[in-house]
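Chemist: Each protein sequence line maps, in turn, to chains A, H and C.
85 is the number that the working numbering gives to position 85 of the first sequence; each next residue is one higher, with no gaps.
175 is the number that the working numbering gives to position 175 of the second sequence; each next residue is one higher, with no gaps.
208 is the number that the working numbering gives to position 208 of the third sequence; each next residue is one higher, with no gaps.
These are computed hints drawn from the structure, not numbers from a lab.
You may find that some hints are simply not true.
Said to hold, decoys possible - Pairs of lysine-lysine residues, derived as BS3-like cross-links and limited to a Cα-Cα distance of at most 30 Å, are as follows:
hint	chain 1	residue 1	chain 2	residue 2
1	C	208	A	14
2	C	220	C	157
3	C	102	C	323
4	A	23	C	180
Said to hold, decoys possible - One-sided and incomplete, this derived list gives chain A residues near chain C with beta-carbon spacing under 7 Å:
hint	residue
5	204
6	207
7	233
8	237
Heads up, the beta-carbon is just placed ideally off N, CA and C, and yes, glycines get one too.
One letter stands for each residue in the lines below.
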Amino acid sequence: MAQSFDDITKQLGKRHRRTRRLKLTCMAAMVLSAVFLVVFLGDMVNRGWSAFQQGRMQIEVSYTEQSQQMPLTAVDEQYRQLVSRGFFRQIPQRMEADPELLGTTRTQWVIARSSVDQYLKGRENSLSEQQRQLIDRMVEQGNAKLAFNTTFFTTGDSRMAELAGILSAALGTLLTIIVTMAICFPIGVMTAVYLEEFAPDNRFTRLIEVNINNLAAVPSILFGLLGLAIFISFFGVPRSSPLVGGLTLSLMTLPMIIISTRAALRSVPDSIRHAAFGVGCTRWQVVSDHVLPVSIPGILTGSIIGLAQAMGETAPLIIVGMVAFMPDPSFSLTQAATVLPAQVYSWASLPNQAFQEKTAGGILVLLAVLITLNAAAVLLRNRFERRW
Amino acid sequence: MLDYLLPAFIVLMAGLGTIAFWMGRQRAARVRAEGTAMRSQPGQYGWFMSLASVGAATAIIFLCWLALLITGSPVPLYSLYFIGLAVALLGMGLALRYVRPDFHARSAIEGVIRFMLAGAALISILTTLGILVSVISEAIRFFSMYSFWDFITGTQWNPGASFLEAAGRSSSASSQAQFGSLPLFAGTFMITLIAMLVAIPVGLGSAIYMVEFAPRGVRQAFKPVLEILAGIPTVVYGFFAAITVSPLIVDIAGFFGLEASYTNALSPGIVMGIMIIPFISSLSDDVLHSVPNSLRQGALALGITKGEMIRNVVLPSATPGIISASLLAVSRALGETMIVVMAAGMSPNLTANPLETMTTVTVSIVSSLTGDLSFGSAHTLSAFALGLVLFAVTLLLNLVSVFMINHFREKYRLNTI
Amino acid sequence: MKQPNTMSRQADAISPGTVEDSEHDAMYKQEHSDREGVTNTGESPVRPDEAGSQGATDSNKPERQQPSNGEPVTRNTKVDHDSISLSASDLNLWYGDHQALKSLSMKVYANTVTALIGPSGCGKSTFLRCLNRMNDLIPSARVEGNIEMDGRNVNSKDMDVVALRRRVGMVFQNPNPFPKSIFENVAYAPRMHDIVGGRAEQEELVEKALRDAGLWDEVKDKLHQPGTSLSGGQQQRLCIARAVALRPDVILMDEPTSALDPISTATIEDLMVRLREEFTIVVVTHNMQQAARVADYTSFFHLGEIIEYNDTTTLFEKPATRKAEDYITGRYG
Chain A
1 MAQSFDDITK QLGKRHRRTR RLKLTCMAAM VLSAVFLVVF LGDMVNRGWS
51 AFQQGRMQIE VSYTEQSQQM PLTAVDEQYR QLVSRGFFRQ IPQRMEADPE
101 LLGTTRTQWV IARSSVDQYL KGRENSLSEQ QRQLIDRMVE QGNAKLAFNT
151 TFFTTGDSRM AELAGILSAA LGTLLTIIVT MAICFPIGVM TAVYLEEFAP
201 DNRFTRLIEV NINNLAAVPS ILFGLLGLAI FISFFGVPRS SPLVGGLTLS
251 LMTLPMIIIS TRAALRSVPD SIRHAAFGVG CTRWQVVSDH VLPVSIPGIL
301 TGSIIGLAQA MGETAPLIIV GMVAFMPDPS FSLTQAATVL PAQVYSWASL
351 PNQAFQEKTA GGILVLLAVL ITLNAAAVLL RNRFERRW
Chain H
1 MLDYLLPAFI VLMAGLGTIA FWMGRQRAAR VRAEGTAMRS QPGQYGWFMS
51 LASVGAATAI IFLCWLALLI TGSPVPLYSL YFIGLAVALL GMGLALRYVR
101 PDFHARSAIE GVIRFMLAGA ALISILTTLG ILVSVISEAI RFFSMYSFWD
151 FITGTQWNPG ASFLEAAGRS SSASSQAQFG SLPLFAGTFM ITLIAMLVAI
201 PVGLGSAIYM VEFAPRGVRQ AFKPVLEILA GIPTVVYGFF AAITVSPLIV
251 DIAGFFGLEA SYTNALSPGI VMGIMIIPFI SSLSDDVLHS VPNSLRQGAL
301 ALGITKGEMI RNVVLPSATP GIISASLLAV SRALGETMIV VMAAGMSPNL
351 TANPLETMTT VTVSIVSSLT GDLSFGSAHT LSAFALGLVL FAVTLLLNLV
401 SVFMINHFRE KYRLNTI
Chain C
1 MKQPNTMSRQ ADAISPGTVE DSEHDAMYKQ EHSDREGVTN TGESPVRPDE
51 AGSQGATDSN KPERQQPSNG EPVTRNTKVD HDSISLSASD LNLWYGDHQA
101 LKSLSMKVYA NTVTALIGPS GCGKSTFLRC LNRMNDLIPS ARVEGNIEMD
151 GRNVNSKDMD VVALRRRVGM VFQNPNPFPK SIFENVAYAP RMHDIVGGRA
201 EQEELVEKAL RDAGLWDEVK DKLHQPGTSL SGGQQQRLCI ARAVALRPDV
251 ILMDEPTSAL DPISTATIED LMVRLREEFT IVVVTHNMQQ AARVADYTSF
301 FHLGEIIEYN DTTTLFEKPA TRKAEDYITG RYG
């Protein structure tokens, strides 16, 4: 009655081929996204790694009275177009601070202009043929080299590419994130505790739940509009300040923290609550003494991921003006500031090739921090995840 | 001077709170030491005292401040601090009378905590209201200057001249600002479409591979790839689109004899698609996982091949979930800002050619809010009108998506007997 | 045995009264009495030995069997080869490091109902899933040994699992109709296997399968409603119809009634008895009464081994091993 195995198997070839085709297609999709990541990271590293190096040259600097008035004269004429203008600016201050310098001539390493820097890195630059030969000679004599770029990490923004750094942006990010977490962590956890442990199942509660889910999917730029209209225009929080940036980001991160905290609370089995109620705890005592302590890893994991998200967010911060040009780092919550992603954005819009390198360098730093944070969150989750 | 006032006040209040706590506890402890049974622990009386003094004072200061701001009157800081101090002291005095054996300090604290938690939960509602109020009120101001109908149907977006109008200098009709938003929506739609064409096949394909085919090792190796992709900030994607993908597209188009703009719509579209891949992939992963295994086994046990099982049993069952994920992804793409700001053009262009320059709603919002424009100008306010439309569209997408995913979940809850 | 009964349809309408049950029992008593007289060899496990070449109803003279190497199942060399549907020999299965099946050997006879019983975790479901290689879906599972069917080793690499499952159908513990219409649930697999072509052919096949599963009268007016809209018992019969539609050689049933109410259970038990006219049925059950009611042969599993395998009457009335006796009399399980 039934067909033999061989008969059936003969008919199956086409169907098996279709399965294989589907499998290959899906695998190609997966490989494609992995390739995207590799190409993308590779491109960033390729563009950005050189930002961590800086062109320097060793030249004679003569500290005379004339050079105090006209700093350009401190160095030999042929070097004037090669040394960073930032160095010349510092000469008068330096001589004031150290009177002994007057009248001396010192051979010292100075930061090269970005065109020299780019030339040393083999990139497009605006140097003349003569200048290139000069630098080639200096390299041969060991008087020009690429060294680790400390400036990048120790200064703020600058119009001169060779002096631009990420310090003020990093500080701005730090302050903003502190404000963000100080606001949204307690409120988020409290909301989650309320919804998970206290709230009666009524229409108001459901409204809050729907609202939170919806808020999580609202485009971030709308939070920027909120920050602009409510915090800046209405409450008068200073524009561009870490305070207003943090407030805006905290509202944006709130849903994420609420959702992950709720998940963490939900994973605590009811038997623990029943046991605590059974020994006469009030609801709040049950939560604070028994439920919260065991769900802390879950809450922290969600918060770290939310924090990483907030750190990378740019659009709402641009709207509230946090793309300020910040040559000097500031510690104030109410003064203008910028953040790392915004710094990346403003560098990216500059045409200068040297700033493209800075942009990619800034991106590498940002990515390193974010990937570390995310990895920490994953580790935390894996380490402390409890299976009840 | 004022800068130090706030910290000083906070320290003062903290001190008062500590004193109140200590007084409450001492008193309760004394009563208890006399041998009277009390309803609550001494510490709980302490907390009650703190809440009644400092808690009440903080709440009242905050409410007064808010009321003053809303009515638009100047805020008399000194008076506020004074009121706060008075309330704190009064509260302490009153609360001290309640430190007695028959008072349920514990329930009182419990009530206050409950109230505070509910207050925290209210903030998410206030956030939504805040977005709505800010967007709607400014949009209304905009529509009082510019006709709503022209905004929705106009094909010319030319806000540049509006500052002249605002300055009372608009002379000729040719320099009149125009806010016809159609080209913006067309650009947004085009870029979103491109992004979806990249993200949905790739994201869904990798989810299917991960759930149905991949051996454990591959799954574990690939998860981090997606997590890293998902954690990359959009500004980075924007840089990538502008600096790497756009020139590449121009080159490729040139190879085929086509002319492409450096701010073409294709490049932000593709990169946005890459950005959304992990989003679609992880949501589809969840959806595919929630298709019960019994269905798969039922199909396989009938001699159905794996491919047929996926196509005819798993995917049809998962369709509502996948559609829901895609809608959420569309909503994300519509609201995505940095990639388009950095890689798409600034000039509105009503075209169907993705190689031409185009701009989007979010780009216009950013560009109209970043110049040195006065807040009241039509140009600035147009950002809020666009924001309103963006909010409405994404809200609709999110709600439909939530509805579909709930429907999907219910279906499977019912089916597992 | 010629007793295709029509009780299945009534069963849903009337309560699962004792009348029906006793009818059941009477029928099986009669049937099994044909095979009485199987002897067993002391403590060593026993096998069913009559070779009912075309169904268990033929009354054969039972013969005494020698146990081979003390294996739980002795092999009857005299059995006509055609009547053996599946034959497992020296079958081992590991889940990771845990050995779930230990050197099992067992023959399943064509056109019979064979029940696998035993305490939870004894490997009976695992064994069942070996027969159509559903264990392939569990990454940690590793199988060794032969299962012979139609002259081929089911476990060999060159056996196409799809072809195997086409001939060895399965019904699961929980009804799992596809989220498609009732019609599609039945017609889908035959269409995929190219058994049916046009619409008319499909309709004919669906009707036949649903009639075979005793579901036709209940659903003929709503063939295009979703399969999930049916009651649990109806869903399970739909799943049986789905399996029957392919006209497989063997239908495996993994506790098919454990999720159902007593009325549906009775209906499905009737169905099994009726279906063995055409198919070989292997059923895993927790319920010893069920095994006694429907099975021609019963195999008792314990800790991954077959302790005793015999025709049902003998196994239940004169169990040869202490363990089987203890289990059957309810001393553990």
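Chemist: Does each hint fit the structure? Answer for all of them.
Modeler: Hint-by-hint comparison with the structure:
1. 208/C x 14/A: Roughly 28 Å separates the two Cα atoms, so the pair holds.
2. 220/C x 157/C: violated (42 Å)
3. 102/C x 323/C: Answer holds: residue 102/C to residue 323/C is near 17 Å, not above 30 Å.
4. 23/A x 180/C: holds (24 Å)
5. 204: violated (34 Å)
6. 207: Since chain C brings no Cβ nearer than about 32 Å to residue 207/A, farther than 7 Å, the hint is violated.
7. 233: violated (52 Å)
8. 237: violated (53 Å)
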